[in-house]
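For this one, chain R is given, so just place chain E on it according to the hints.
Quick mapping for you: the protein sequence lines, in order, are chains R and E.
Under my numbering, the first residue of the first sequence is numbered 7, with each subsequent residue one higher.
Under my numbering, the first residue of the second sequence is numbered 10, with each subsequent residue one higher.
A hint or two may mislead.
To give an idea of the chain R side of the interface with chain E (calculated C-beta under 8 Å), a few residues [as the list claims (entries may be wrong)]:
1) Leu21
2) Asp73
3) Gln80
4) Lys84
5) Val98
6) Ser140
7) Ser141
8) Arg256
9) Tyr278
Here are the simulated lysine-lysine pairs, DSS-like style, with alpha carbons at most 30 Å apart [said to hold, decoys possible]:
10) E/Lys323 x R/Lys288
11) R/Lys55 x R/Lys42
12) R/Lys84 x E/Lys230
13) E/Lys323 x R/Lys195
14) E/Lys230 x R/Lys212
Quick caveat, the hints were computed from the structure, so don't treat them as lab data.
Beta carbons: idealized from backbone N, C-alpha and C, even for Gly.
These are the residues of each chain, in order.
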Amino acid sequence: MKVALILIGVVAILLGSASLFTVEEGSQAILTEFGKPVGAVTEAGLHVKLPFIQRVHRLERRLLPWDGAPENMQTKDKKRIFIDVWARWRIVDPLLYFQAVRSETRGYKILDDLVDSAVRDVVARHPLIEVVRSSNRTLVYEIEELARESEDAEQVQFGRADMEAEILKVASLDLKQRYGMELTDVHIKRINYIESVRQTVYDRMKSERMQIAQLYESEAEEERNKILGRTRKELDEIEGELQQKSAEIRGEADAAVIRIASESYSQAPDFYEFLRRLEAYKKTLGPGTRLVLSTDNAFLRQLRGPGEGHGEGRDEPAAP
Amino acid sequence: MSEMSNELELMLRPLWRRYRRRIVIAVLALAGIWALGTLCYSVEADSEGVVLRFGKYLRTSPPGLHLKLPAPIDAVAMVPVLRVQTLEFGFATEAPGRVTRYARPTDEHDTVASMLTGDLNLAHVEWIVQYQIKDSFNYLFRVGGQRATELAVRDTIDNVAESVMRSLVGDASVDEVITIGRDQIASDAKAEIQAMLDAFETGVEVVTVKLQAATPPEAVKDAFDAVNRARQNKEKVVNEARGERNRLIPAARGKRDRAIFEAEGYRERVGREMAGRANAFLTVLAEYRQAPDVTRMRLYLETMEEILGQVEEKTILDESIRGLLPLLNLAPERADAAEAKGGA
Numbered sequence: 007m008k009v010a011l012i013l014i015g016v017v018a019i020l021l022g023s024a025s026l027f028t029v030e031e032g033s034q035a036i037l038t039e040f041g042k043p044v045g046a047v048t049e050a051g052l053h054v055k056l057p058f059i060q061r062v063h064r065l066e067r068r069l070l071p072w073d074g075a076p077e078n079m080q081t082k083d084k085k086r087i088f089i090d091v092w093a094r095w096r097i098v099d100p101l102l103y104f105q106a107v108r109s110e111t112r113g114y115k116i117l118d119d120l121v122d123s124a125v126r127d128v129v130a131r132h133p134l135i136e137v138v139r140s141s142n143r144t145l146v147y148e149i150e151e152l153a154r155e156s157e158d159a160e161q162v163q164f165g166r167a168d169m170e171a172e173i174l175k176v177a178s179l180d181l182k183q184r185y186g187m188e189l190t191d192v193h194i195k196r197i198n199y200i201e202s203v204r205q206t207v208y209d210r211m212k213s214e215r216m217q218i219a220q221l222y223e224s225e226a227e228e229e230r231n232k233i234l235g236r237t238r239k240e241l242d243e244i245e246g247e248l249q250q251k252s253a254e255i256r257g258e259a260d261a262a263v264i265r266i267a268s269e270s271y272s273q274a275p276d277f278y279e280f281l282r283r284l285e286a287y288k289k290t291l292g293p294g295t296r297l298v299l300s301t302d303n304a305f306l307r308q309l310r311g312p313g314e315g316h317g318e319g320r321d322e323p324a325a326p
Numbered sequence: 010m011s012e013m014s015n016e017l018e019l020m021l022r023p024l025w026r027r028y029r030r031r032i033v034i035a036v037l038a039l040a041g042i043w044a045l046g047t048l049c050y051s052v053e054a055d056s057e058g059v060v061l062r063f064g065k066y067l068r069t070s071p072p073g074l075h076l077k078l079p080a081p082i083d084a085v086a087m088v089p090v091l092r093v094q095t096l097e098f099g100f101a102t103e104a105p106g107r108v109t110r111y112a113r114p115t116d117e118h119d120t121v122a123s124m125l126t127g128d129l130n131l132a133h134v135e136w137i138v139q140y141q142i143k144d145s146f147n148y149l150f151r152v153g154g155q156r157a158t159e160l161a162v163r164d165t166i167d168n169v170a171e172s173v174m175r176s177l178v179g180d181a182s183v184d185e186v187i188t189i190g191r192d193q194i195a196s197d198a199k200a201e202i203q204a205m206l207d208a209f210e211t212g213v214e215v216v217t218v219k220l221q222a223a224t225p226p227e228a229v230k231d232a233f234d235a236v237n238r239a240r241q242n243k244e245k246v247v248n249e250a251r252g253e254r255n256r257l258i259p260a261a262r263g264k265r266d267r268a269i270f271e272a273e274g275y276r277e278r279v280g281r282e283m284a285g286r287a288n289a290f291l292t293v294l295a296e297y298r299q300a301p302d303v304t305r306m307r308l309y310l311e312t313m314e315e316i317l318g319q320v321e322e323k324t325i326l327d328e329s330i331r332g333l334l335p336l337l338n339l340a341p342e343r344a345d346a347a348e349a350k351g352g353a
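Next comes chain R alone, as it looks inside the complex (with noise of 0.2 Å):
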């Protein structure tokens, strides 16, 4: 009786676990009676099978990763360069998936096989700019000359974005009717010259900026010029006012002096030629002058009798 207990307890046990199962978030699971799927579970959680004829195999739900090697290929315009390229993919239909793939190593190798040959397509039929750029922005620079170039850059019809979908479909052509996988993305992680053509393009880069460095030393000569150059003109400008307004102001000062005594003096011109003369007198004949005079002097007059000189000598000195 014991016995018979236990062995029915082990016995549900068994089947218990044989006919149950779980499938975790993130994951989903195909069922196989030996060896033919015959059904997919996608809710995560407790589930039922047929014990011992239905086999569970567990598949991912979740997003996952593809990340190509760097592949060297060349533009529409004949550029070498690597590309590294990545992809997000899921498996969508877990059933075609389990039968055409069954692994996740195959899925990349699928991968593998798609995405690197509709990178190379695409990228050969567009030039490198397009690969790069994404939009027709403009460029901005530090140094006007360089953005007056870049000017006339070409422009792209097609960026990296479009490029990049571009791949996503041809690579995605018949995946998901054939291997029940989908392509969510594909994009550019790396794009660069290959080893050999960097050393041209350091070499661009070099002489356009020389270039730059030499306009900016003849822009200072130019303009250290200017400077000097019109400092000189404005110090001659300040000069010539100097001697223009001085001159002119002494002018009319002496205008001035000449107008003043004409219109003063006029009025008696005798009376004022004699002040002068004897003011003349007083400073030109001093102690060191020899003087011969005559008695008939009109100074003097007066020597030669008390009565004569007075009339006569009334004009003597207004005519010298």
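Quick look at chain E alone, frame taken from chain R:
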């Protein structure tokens, strides 16, 4: 066979009898420890616990001690939601610290950092992406392909960040990448990386995207430096010329103003002087006109008096003795003067 087991039984029976209590206690204790381990779980302060029942999402637990059903039924995954994690691109920090040490740059770093710019030049860009988990369910169950989910997500962020940074740099000029557009590129990158990671449902929040170094390639650095030097030299030369100008012009203006003021002073002075003299003359004239003859004679005589008082050598000749003149010993230079005065 059965004899052997009988013998074993005979050997074990006394032991069992003797240690029965202890064995039962030990078994119960082990069972207790197991139960404790599988019925309780504790969530660290910087984490969240995601509980699955038979693999299906049940709940998310905050930090602390919690209960769950035993092992085959409930399982817990810990997600460090508060931890900010950093990815480095184009370089590697070897030992962070007060003086952070960086690993020697490798070819791999160079491949990551070397980028084509929109004008088909090359730039060297190193940057970091810092992120945090914002949705632990998505973080755990939306991105796969690696044994550990943190590696899968990390891998995705890595790919997305490189693509986004390259496409932004590919749409900018070298100058923008190296100097003027750095902040713009970093903030655009943050937004675009976030958008793509959201589309992939990675459950990750991008905290920072920062350009560490954005330089021209090593081979052309000298040329870029030469441009900077030339530009700074230009500024220097121009400033020097401006300095020269600033030194000369105000001094010249000062000189000019001074000369003009001096001329004005002259005008004022001689004008007033003349006016004074003229007024004096007119005043004198008015008085003179009251008695012209007397005044005239008086002025004349006073002047002559003053002059002759000062003149030391005086020779006075009478009209009648004209013959004396040739006998006088006159110095030749004074002859003219004497004659002129004498003739007066």
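Under the criterion that the straight-line Cα-Cα distance not exceed 30 Å, is the pair E/Lys230, R/Lys212 satisfied?
-> 8 Å, holds
Under the criterion of a CB-CB separation shorter than 8 Å, is R/Asp73 in contact with chain E as hinted?
-> Interface hint status for R/Asp73: holds (7 Å vs cutoff 8 Å).
Below or equal to 30 Å on CA atoms is what counts here, so check R/Lys84 against E/Lys230.
-> Answer holds: R/Lys84 to E/Lys230 is near 28 Å, not above 30 Å.
Against chain E, with CB atoms and a cut of 8 Å, does the hint on R/Val98 hold up?
-> 14 Å, violated
Hey, does the R/Arg256 contact hint survive, CB to chain E under 8 Å?
-> 5 Å, holds
Interface hint outcome for R/Lys84 [beta carbon to chain E under 8 Å] = 14 Å, violated
Hint validity - R/Gln80 Cβ closer than 8 Å to any chain E Cβ | 15 Å, violated
Hinted pair E/Lys323 and R/Lys288, Cα distance within 30 Å | 16 Å, holds
Would the pair E/Lys323 and R/Lys195 pass a check requiring their Cα atoms to be no farther apart than 30 Å?
-> Measuring from Cα to Cα gives roughly 125 Å; hence the hint is violated.
Given hint R/Lys42 paired with R/Lys55 - CA-CA distance at most 30 Å = Distance ~14 Å between R/Lys55 and R/Lys42 Cα, so the pair holds.
With 8 Å as the cut and Cβ atoms as the points, is R/Ser141 at the interface with chain E?
-> At about 6 Å, which falls below the 8 Å cut-off, the nearest Cβ of chain E leaves the hint on R/Ser141 intact, so it holds.
Mind checking the CB of R/Tyr278 against every CB in chain E and telling me if the closest is under 8 Å?
-> For R/Tyr278, the interface hint holds, since the closest Cβ of chain E sits about 7 Å away, which is under 8 Å.
The structure shown violates the earlier hints numbered 1, 3, 4, 5, 13.
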